[in-house]
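Here the protein sequences come in this chain order: A and B.
The opening position of the first sequence corresponds to residue 1 in this note's numbering, with each subsequent residue numbered one higher.
The opening position of the second sequence corresponds to residue 1 in this note's numbering, with each subsequent residue numbered one higher.
Treat each hint with caution, since some may be false.
[Said to hold, decoys possible] According to the in silico footprint, chain B covers these stretches of chain A (three or more CB under 8 angstroms from chain B):
hint	region
1	41 to 48
2	97 to 107
[As the list claims (entries may be wrong)] Each pair of labels, with its calculated beta carbon distance range:
hint	chain 1	residue 1	chain 2	residue 2	range
3	A	T84	B	I18	27 to 37 angstroms
4	A	D21	B	P61	17 to 27 angstroms
5	B	Y7	A	L117	43 to 53 angstroms
6	A	I20	B	L69	19 to 29 angstroms
7	B	M73	A	P53	48 to 58 angstroms
8	A	H106	B	K88	13 to 23 angstroms
9	B	N89	A	A37	39 to 49 angstroms
10	B	A77	A	L117	50 to 60 angstroms
No lab work stands behind these hints: they were computed from the structure.
Cβ atoms here follow ideal geometry from the backbone N, Cα and C, with glycine treated the same way.
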Amino acid sequence: MISLLLAAASAAEPSAALNIDWLGLLRTALACLSILAGLFFVLAGTLGVLRLPDFYTRLHAAGMTDTLGAELILLGLIIQSGFTQMSLKLLLVAFFLLLTSPTATHAIAYAAHKAGLEPKLGKYKAPSVDGDGS
Amino acid sequence: MEHFLGYFNLAAAFFVIISMVMMLGRLMGGPTLYDRLLAVNSFGTKTILFLCVFCFVIDRPDGVDIALLYALMNFIATIAVLKFFNYKNLGVSLLQEQMEEDS
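So here's chain A without its partners, still in its complex pose:
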């Protein structure tokens, strides 16, 4: 936030000292917040896919967080680009991702269930260092 204010002040400095572009600052702040939230969700989903014990739990982590994270990052890029042809294309990408990502997740879960992959039931035990923590 402080660096944002400094950047806005330095950008507006040559014309006048108090002439800060508040709309541009708000747009930049919204875009940065959205992209940061999206990056958090994408990284959390990836960590969940690496760390969770079972296929279905991994599917949950990847499917949920990837959809939300991708949409948030694309929303941030749309806010950055404004009303241009590029933002229309980004909106199309977001629409197709919103349509296909849950469908693919559901298809993978259904195929695994139909193939007889059992979910892990019972109490969760953390994998030990010397054992085979599956």
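With chain A held as given, fit chain B onto it using these hints.
Only chain B this time, still in chain A's reference frame:
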């Protein structure tokens, strides 16, 4: 302001690449086929994100078209691989399969 957004987008692309590399771990060491498929699907989503962010970094709007194409191809590839491993054949008609199940 413009410089700040450029560096911010570059950092975002870097973190998306880190996420892609972490997803490769599940792709290499997934115990079942479906874990690998899940990793491939998620990797494709992150590739779309990387393309969209990176064409903002280099300031060329052509990459978004490729990202749009990749979004569609990723979905079709996942469904095709799932169908192949379910029926061991890509040419089977789903209607015929349903008729055999009903009779």
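Violated hints, by number in ascending order, as checked against the structure: 6, 7 and 10
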